[in-house]
Amino acid sequence: MGSMSLSSLMKNAENATKDVMKTVSAVIDEHSFVETDKFVSSNTDWGDAVGEGVVSGYARIGDHRVGLFATNPKVLKGSIGKTNAQKIAKIIHNATATAMPIVGILDTAGARFDEGIDAMEGYAVIFRALSEAYGTVPTALIVKGVNFGLSSYFCHVADLCIGLKDAQIASSSPLILAANTKEDPQKVCQSGSLAESAGIVTHVAANEKEAKTILQSFLSLLDAPLAQTKDDPNRTAKSECKTLDALIGEVFDKGSVLALRESYAKEVRTGFARLDGVAVGYVGIDGKLTTAGAGKVCELLNTCESFDLPVINLVNCDGVLTSLATDGAVIREIADMMFAYNSVSVPKLALIYGNAIGLGYTAFAAKACVDYAIAWENAKIGTVSGEAAAQLLYKEELAVAPDKEKAAQKIAKAYSEENLSAPVVAAKGYLDNVIDPVLSRPYLIAALQTFIAE
650 MGSMSLSSLM KNAENATKDV MKTVSAVIDE HSFVETDKFV SSNTDWGDAV
700 GEGVVSGYAR IGDHRVGLFA TNPKVLKGSI GKTNAQKIAK IIHNATATAM
750 PIVGILDTAG ARFDEGIDAM EGYAVIFRAL SEAYGTVPTA LIVKGVNFGL
800 SSYFCHVADL CIGLKDAQIA SSSPLILAAN TKEDPQKVCQ SGSLAESAGI
850 VTHVAANEKE AKTILQSFLS LLDAPLAQTK DDPNRTAKSE CKTLDALIGE
900 VFDKGSVLAL RESYAKEVRT GFARLDGVAV GYVGIDGKLT TAGAGKVCEL
950 LNTCESFDLP VINLVNCDGV LTSLATDGAV IREIADMMFA YNSVSVPKLA
1000 LIYGNAIGLG YTAFAAKACV DYAIAWENAK IGTVSGEAAA QLLYKEELAV
1050 APDKEKAAQK IAKAYSEENL SAPVVAAKGY LDNVIDPVLS RPYLIAALQT
1100 FIAE
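Read in this note's numbering, the sequence shown has 819 at position 170, and its numbers run on one by one without any break.
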């Protein structure tokens, strides 16, 4: 190797990295890549590890400077060893030190087992670097092909994990995981299933082009929290929004919403958006909260706290979905979520657009938890719903009623009007305002400007 000419070195490196550079080029701005440690190489029992099976360097994505690394599946199947782990950690450390976001592209079959404990130490070096970067600079990982073994855990030490459509992510070999089942090892643990079952994958992308679009949205929000917007801050909705997705579209700046984990814990919507140009995180609830939903909320809160993004709660929650079998997990996960809400220091605003019953109020809209709370004029807020109150508080009256169903409906309506209506709750000092639904956007913008100006 020592006597090899520069032209030979260049040719070997270019041949070995041709395919992975196509992937890198597809997700970065054209002609923006500045490679580092290009000629780092070693001899192994399995052949030359040109570039140590990793491409690293600096680039721009949507004009945002990033530190980038990509494992190369054409070199020893993208396996992780001591030297290439140090190469990956180096670019992560340097990017973190200069406040640059980090983007990693993973396509690796696992460890270089012939290195033994050195490979295990290599994984630890990468995990340490990612852990130090996470919460300090925006971090995003793209999984293309496969990501097996210990490197699968990297996916959850990042703000964003984009899995290409057919990519596989598994902590062990799919052959082992699918053993004694009828599952096809080639199809287990694909991006879509992990996005839906565990929320590990935040986005599933059809190809590198779509992955780049997601990255651009992510970086524009977290790397540039204040931006000019063409959307009118006084824009009002044409009518009352009938769904949470419609409300999200009406409240936030047009074209600014980047949803996270859409197919996981679907009663909760989380993501980033802009509100009159200000980057925010949002938590939308529609229905009863699950333990998975509580974990999803915690992930969003952690990122918002790390990057000083205000949190907007959009609330229609009737409490928690629980059962005897899940109650212990419910207590743990919901308590963790409420601790997170009360620990973050960023401004928190709440809009109750439906019900805020029980925990739905206490966790997401209580004055002790949020800085500013408003509700639609038809919102219902309280300990239990009107229907539940009728059954709990008026059992004797219902028992003797000729038409029990009609009597229950009448009692529920009366109880709601007297105890749960937004004006009644506001009169007790628990709401800052009761608004016409079509004015949701301008009211939230005005409140946000007040709190971020402090």
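Please keep in mind that the hints were generated in silico from the structure rather than gathered at the bench. The beta-carbon is built from N, C-alpha and C at its ideal position, and this holds for glycine as well. Treat the hints loosely; a few may be bogus.
[Said to hold, decoys possible] Listed next, the in silico BS3-like pairs over lysine-lysine satisfying Cα-Cα at most 30 Å (straight line): (1) Lys836 <-> Lys723; (2) Lys726 <-> Lys687; (3) Lys671 <-> Lys836; (4) Lys726 <-> Lys891; (5) Lys879 <-> Lys814; (6) Lys739 <-> Lys667; (7) Lys879 <-> Lys861; (8) Lys836 <-> Lys903; (9) Lys671 <-> Lys687.
[Unchecked claim] Label pairs and their calculated CB-CB ranges: (10) Glu1054 <-> Asp985: 52 to 58 Å; (11) Asn743 <-> Lys915: 26 to 32 Å; (12) Asp668 <-> Asp957: 25 to 31 Å.
Inset, instruction - Mind listing which of the numbered hints don't hold for this structure, in increasing order? - result: 4, 5, 8, 10, 11 and 12
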